[in-house]
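If you read the sequences in order, they're chains C and B.
If you're matching positions, the first sequence starts at 143 in my numbering and goes up one per residue.
If you're matching positions, the second sequence starts at 116 in my numbering and goes up one per residue.
Check before you lean on any hint, since a few could be wrong.
[Stated by the list, open to error] List of simulated lysine to aspartate or glutamate pairs, DMTMM-like, C-alpha gap at most 20 Å:
hint	chain 1	residue 1	chain 2	residue 2
1	B	K377	C	E236
2	B	K378	C	D242
3	B	K377	B	D423
4	B	K377	B	E201
5	C	K181	C	E365
6	B	K377	C	D242
7	B	K254	B	D232
8	C	K181	B	E419
9	C	K497	C	D346
10	C	K497	C	D378
11	C	K310	C	D374
12	B	K378	B	D367
13	C	K349	C	E189
14	C	K310	C	D378
15	B	K377	C	D255
16	B	K254	B	D145
17	C	K304	C	E348
18	B	K378	B	E201
19	C	K310	C	E331
20	C	K310	C	E339
21	C	K399	B	E203
22	B	K434	C	E365
23	C	K304	C	E339
24	B	K377	C	D374
25	B	K434	B	D166
26	B	K377	C	D240
27	C	K384	C	D407
28	B	K377	B	E365
29	B	K434	C	E189
30	B	K124	B	D158
31	B	K217	C	D466
32	C	K181	C	D162
33	B	K217	C	E501
34	C	K498	C	E348
35	B	K217	C	E414
36	C	K288	C	E331
37	B	K378	C	D247
38	B	K378	C	D378
Hints in this document: simulated from the structure, not taken from any laboratory.
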Amino acid sequence: MVVTFPHMGNIYLAVKALFDDLDIDYIIPPPNTKASLQKGSFYSPEEICLPFKLFMGNIIQAIESGADTVLITGSCGPCRFGEYSELASIVLREMGHDLDFIVLDLSKDVGVDGFLRRISKITRDVPMSRTQKVRTVLNAAALMAKIDQLEARAHILAGYEKNAGDCKRILHQALARGLECVGSEEIGEAISAAQNEIERIPIDLEKDPLRVAIIGEIYTVIEPFSNLYIEDLFMDYGVCVKRHMTPSWWLRDLVMKPLKLNSLDLRRSSREYLPLYIGGHGRECVGEAVKAWQEGMDGAIQILPMGCMPEIVAKAILPQIQNDKDFPILTLIVDEMTGREGYITRIEAFLDMLKKRRERYRGGSFSTGILSGINSKRHGYNRSVRKKYGEM
Amino acid sequence: MRMRIGIPKGLLFPDFGGLFESFFLELGQDIAVSPDTNRRILDLGVGCCVDEACLPVKVFHGHVCWLRDNGDCDMIVIPRFMHLRENESICPKFCGLPEMVKYSVPGLPPIIGVPIDWSSAQGLRAWARAVASYLGCAKSDAYSALHAAVSKHNEVAQGYTVLSEPNRQSSRRDGLDGQSRATELAAPSRLSELTGSRKLENLTVSSNREFRIALLGHPYNVQDAFLNMNVAQKLARLGAAIVTDASVSETDVNREVASLFKKPFWTLARYSYGAAKHLYRTDAVDGIVYVSSFACGIDSVVVELIRDATDGLPLLVLKVDEHTGEAGIDTRLEAFTDLLRRRKTFGSNIPAYGKYISRGESAI
Chain C
143 MVVTFPHMGN IYLAVKALFD DLDIDYIIPP PNTKASLQKG SFYSPEEICL PFKLFMGNII
203 QAIESGADTV LITGSCGPCR FGEYSELASI VLREMGHDLD FIVLDLSKDV GVDGFLRRIS
263 KITRDVPMSR TQKVRTVLNA AALMAKIDQL EARAHILAGY EKNAGDCKRI LHQALARGLE
323 CVGSEEIGEA ISAAQNEIER IPIDLEKDPL RVAIIGEIYT VIEPFSNLYI EDLFMDYGVC
383 VKRHMTPSWW LRDLVMKPLK LNSLDLRRSS REYLPLYIGG HGRECVGEAV KAWQEGMDGA
443 IQILPMGCMP EIVAKAILPQ IQNDKDFPIL TLIVDEMTGR EGYITRIEAF LDMLKKRRER
503 YRGGSFSTGI LSGINSKRHG YNRSVRKKYG EM
Chain B
116 MRMRIGIPKG LLFPDFGGLF ESFFLELGQD IAVSPDTNRR ILDLGVGCCV DEACLPVKVF
176 HGHVCWLRDN GDCDMIVIPR FMHLRENESI CPKFCGLPEM VKYSVPGLPP IIGVPIDWSS
236 AQGLRAWARA VASYLGCAKS DAYSALHAAV SKHNEVAQGY TVLSEPNRQS SRRDGLDGQS
296 RATELAAPSR LSELTGSRKL ENLTVSSNRE FRIALLGHPY NVQDAFLNMN VAQKLARLGA
356 AIVTDASVSE TDVNREVASL FKKPFWTLAR YSYGAAKHLY RTDAVDGIVY VSSFACGIDS
416 VVVELIRDAT DGLPLLVLKV DEHTGEAGID TRLEAFTDLL RRRKTFGSNI PAYGKYISRG
476 ESAI
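Put together the whole structure using the sequences plus the hints.
Next up, the structure:
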């Protein structure tokens with residue numbers, strides 16, 4: 143049995159650590175590229191969302207290298223993600239591949255027993271005691287959290303670094319080194335080393351970088367290829383980025399969900415605009431937007447794959463938040479046809495606008511520029527900015 | 116206080132609109148219902164709805180706009196269907212519909228967006244209770260109004276065999292199991308049996324028709340004649356008898372979906388898929404016309420599942436959006452019926468490009 147799994151951001155490192163520790167054969171699909179996207183969208187239904195197309199690309203490439211079992215997570219709707227396994231197995235069968243799908247699903251239908259049975263399909267041949275296995279899984283989860291911390295730290299510090307490119311370099315080196323290591327311990331050490339290194343880079347606290355929140359559909363915000371490496375772009379621009387959605391957040395959310403204790407902060411912040419869970423991460427997106435405003439960010443960028451149902455609901459709500467809080471939100475929709483230049487132009491224009499807003503609030507002048515007068519008198523301005531720069 | 120409640124004639128109105136109407140009338144309120152979808156309503160909806168939404172949702176926005184402008188309403192009810200069957204849902208947009216409308220349509224009167232859980236009697240009661248408290252009516256009034264509305268709903272729907280709960284083979288719902296309680300509040304569970312087709316009924320007389328076509332898709336796409344440019348009429352004029360998923364019983368649907376790798380969790384898609392597969396296996400239809408709205412997330416999956424389950428049966432997927440031109444639809448329907456006719460004459464294993472697929476030799 144050779145297991146493979148789709149990419150989503152840096153989870154491949156945590157899963158690699160897990161399979162290394164359990165001594166299971168696995169194949170990490172090649173990182174997402176244009177070629178894998180092309181391959182994936184060729185075999186996918188036309189109107190399915192981008193994550194599925196990339197997922198298919200990963201799986202097909204992994205099959206070409208010899209994988210025979212696919213490990214994915216599942217859900218029970220109403221978002222399309224729940225049907226991925228069904229659809230993928232049909233497509234792959236038509237292509238002539240006979241694959242074993244292991245869908246990790248913690249829903250009511252499957253139950254805890256079903257969940258454990260599915261896991262045991264992979265782990266039954268591993269000569270370890272049950273406690274050891276559980277410990278290995280927890281180690282991998284801890285490693286994931288560590289990687290997410292490093293990434294978040296790099297994204298913040300990139301706004302303050304004296305030598306441009308330090309944070310980006312350290313982050314990418316650490317991830318590359320992690321891929322060469324074996325087992326959670328070694329990978330963990332590589333990440334820890336990078337964590338120490340990044341805290342020692344020269345910092346300019348005089349800088350006052352823009353701070354932008356990345357919100358939206360979980361796959362497209364986490365997987366850098368699908369959002370055209372927006373976070374790397376921001377690190378180059380020296381803009382601080384904050385992203386609430388991480389693989390470790392998802393894991394925590396999943397575990398706490400049966401107890402109804404998941405993401406209490408987002409529930410609170412989204413209550414005013416969307417008081418119910420509508421599937422996918424639509425409610426989370428709304429909550430993150432409000433939270434970003436509360437935290438005094440300059441703006442937020444929503445990223446979603448074309449046709450994503452929950453995010454469309456969120457997108458209908460975000461303009462209201464934008465008007466109520468005077469908090470700029472840009473929506474970017476990605477699919478396999480997204481062109482890089484148009485995308486970057488919009489991001490740059492958005493950042494320019496944020497910069498102008500700051501100048502305006504700081505100087506207290508509404509007279510210059512095309513932005514003058516828009517919304518400013520009617521809606522007041524960002525509360526946090528007001529606090530930061532003093533009343534005009 | 117007597118209030119005027121607006122009911123938009125969009126999405127699942129053909130199935131549940133009657134229930135809302137009689138519920139609010141029983142509660143002693145006035146109602147205002149928007150007219151059938153027309154060009155103006157569509158334009159109103161497209162003008163204010165979020166761009167990425169599908170056509171039926173835009174049309175629904177249009178109905179709400181119409182009520183705002185012409186309905187003189189004190190409140191508008193936006194049904195928020197969370198479940199039609201246990202553990203299943205419709206589409207995330209249904210769950211967030213009141214919010215979508217509220218933040219997209221300016222100048223609206225207050226909205227009643229109480230969640231409706233159609234899968235259980237308790238769910239319906241909770242809905243009635245919440246609505247009543249919103250309107251300032253007594254709880255007991257709400258219950259009796261709901262009771263009257265539901266029995267009326269079942270009566271009207273009798274044309275297409277509404278089954279009250281005790282008759283259902285798959286009666287698993289707690290709270291509806293007992294005979295007495297069930298007669299007290301018989302929640303019709305099988306949606307498609309209601310959706311059926313009062314309008315389509317006269318077209319389905321099959322005896323003297325050339326071929327039989329299954330007209331499938333989400334009920335709001337199939338039934339709204341403006342939205343789908345009257346596809347049922349057009350097919351009938353081309354000589355087809357039309358079969359909808361209403362003709363397939365719940366038991367058959369259950370049997371067909373059981374073969375899937377994973378239990379489908381979209382109620383409406385479940386019926387489309389189950390009906391398509393059943394009609395295919397029983398050889399009841401010559402082809403399938405699937406009406407789908409552009410960028411429908413659910414259809415992107417279900418069409419693929421149907422294509423897989425009905426291997427070799429002609430399948431025409433009609434995508435509709437606000438830009439769809441009628442002439443294009445006509446051409447495709449004509450071509451499709453031509454294809455069906457040719458298959459009848461020349462046999463089904465000769466494809467248009469003139470080769471036997473199975474034998475690889477020329478057919479001409």
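Cross-check of the supplied hints:
1. Distance check on the hinted pair: K377 of chain B and E236 of chain C sit about 18 Å apart at the alpha-carbon level, within 20 Å; holds.
2. A C-alpha spacing of about 18 Å is found between K378 of chain B and D242 of chain C, which places the hinted pair at or below 20 Å, so the restraint holds.
3. At roughly 15 Å between alpha-carbon atoms, K377 of chain B and D423 of chain B fall within 20 Å of each other, so this suggested pair holds.
4. Of the pairs offered as hints, the one joining K377 of chain B and E201 of chain B holds, with about 16 Å between alpha carbons and a cut-off of 20 Å not exceeded.
5. Restraint check for K181 of chain C and E365 of chain C: satisfied, since their Cα atoms lie roughly 18 Å apart, inside the 20 Å limit.
6. About 14 Å separates the Cα atoms of K377 of chain B and D242 of chain C, which keeps this hinted pair within 20 Å; it holds.
7. Annotation: proposed proximity of K254 of chain B to D232 of chain B holds, straight-line Cα distance about 18 Å (limit 20 Å).
8. The straight-line distance between the Cα atoms of K181 of chain C and E419 of chain B is roughly 18 Å, inside the 20 Å bound, and the hint therefore holds.
9. Distance check on the hinted pair: K497 of chain C and D346 of chain C sit about 19 Å apart at the alpha-carbon level, within 20 Å; holds.
10. The straight-line distance between the Cα atoms of K497 of chain C and D378 of chain C is roughly 16 Å, inside the 20 Å bound, and the hint therefore holds.
11. Distance restraint check for K310 of chain C and D374 of chain C: the Cα-Cα separation of roughly 7 Å lies within the 20 Å cut-off, and the hinted pair is therefore satisfied.
12. Taken as a hint, the K378 of chain B and D367 of chain B pair is honoured in the structure, with Cα atoms around 15 Å apart against an allowance of 20 Å.
13. A threshold of 20 Å between alpha carbons decides the hint, and for K349 of chain C with E189 of chain C the separation of about 45 Å lies outside it, so the pair is violated.
14. The hinted pair formed by K310 of chain C and D378 of chain C meets the criterion: a straight-line CA distance of about 8 Å does not exceed 20 Å.
15. At roughly 17 Å between alpha-carbon atoms, K377 of chain B and D255 of chain C fall within 20 Å of each other, so this suggested pair holds.
16. Of the supplied pair hints, the one linking K254 of chain B and D145 of chain B holds, its CA atoms being roughly 19 Å apart against a limit of 20 Å.
17. Only pairs whose Cα atoms come within 20 Å are accepted, and K304 of chain C paired with E348 of chain C is accepted, the gap being roughly 10 Å.
18. Using a Cα cut-off of 20 Å, the hinted pair K378 of chain B and E201 of chain B holds, with the two alpha carbons roughly 12 Å apart.
19. Our distance criterion of 20 Å between C-alpha atoms is met by K310 of chain C and E331 of chain C, whose separation comes to about 19 Å.
20. For the proposed pair K310 of chain C and E339 of chain C, the alpha carbon gap of about 12 Å is at most 20 Å, so the pair holds.
21. Pair hint K399 of chain C plus E203 of chain B holds up; C-alpha atoms about 18 Å apart against a cutoff of 20 Å.
22. With a C-alpha separation of about 31 Å, the suggested pairing of K434 of chain B with E365 of chain C is violated against the 20 Å cut-off.
23. This hinted pair checks out: K304 of chain C and E339 of chain C have alpha carbons roughly 15 Å apart, not beyond 20 Å.
24. Taken as a hint, the K377 of chain B and D374 of chain C pair is broken in the structure, with Cα atoms around 38 Å apart against an allowance of 20 Å.
25. For the proposed pair K434 of chain B and D166 of chain B, the alpha carbon gap of about 17 Å is at most 20 Å, so the pair holds.
26. Only pairs whose Cα atoms come within 20 Å are accepted, and K377 of chain B paired with D240 of chain C is accepted, the gap being roughly 17 Å.
27. In summary, the hint linking K384 of chain C to D407 of chain C is supported, as the alpha carbons are separated by about 16 Å, within the 20 Å threshold.
28. This hinted pair checks out: K377 of chain B and E365 of chain B have alpha carbons roughly 18 Å apart, not beyond 20 Å.
29. This hinted pair checks out: K434 of chain B and E189 of chain C have alpha carbons roughly 11 Å apart, not beyond 20 Å.
30. Distance hint between K124 of chain B and D158 of chain B is fulfilled; the C-alpha atoms sit about 15 Å from each other, no more than 20 Å.
31. Simply put, K217 of chain B and D466 of chain C have alpha-carbon atoms about 14 Å apart, close enough for the 20 Å limit, and the pair holds.
32. For the hint linking K181 of chain C to D162 of chain C, the alpha-carbon distance of about 28 Å lies beyond 20 Å, and the restraint is violated.
33. As the CA atoms of K217 of chain B and E501 of chain C are separated by approximately 34 Å, the hinted pair breaks the 20 Å bound.
34. Note on K498 of chain C and E348 of chain C: the hinted pairing holds, with a Cα-Cα distance of about 19 Å set against a maximum of 20 Å.
35. With a C-alpha separation of about 12 Å, the suggested pairing of K217 of chain B with E414 of chain C holds against the 20 Å cut-off.
36. The hinted pair formed by K288 of chain C and E331 of chain C meets the criterion: a straight-line CA distance of about 10 Å does not exceed 20 Å.
37. Simply put, K378 of chain B and D247 of chain C have alpha-carbon atoms about 13 Å apart, close enough for the 20 Å limit, and the pair holds.
38. Distance check on the hinted pair: K378 of chain B and D378 of chain C sit about 46 Å apart at the alpha-carbon level, beyond 20 Å; violated.
Checked against the numbered hints above, the structure breaks hints 13, 22, 24, 32, 33 and 38 and satisfies the rest.
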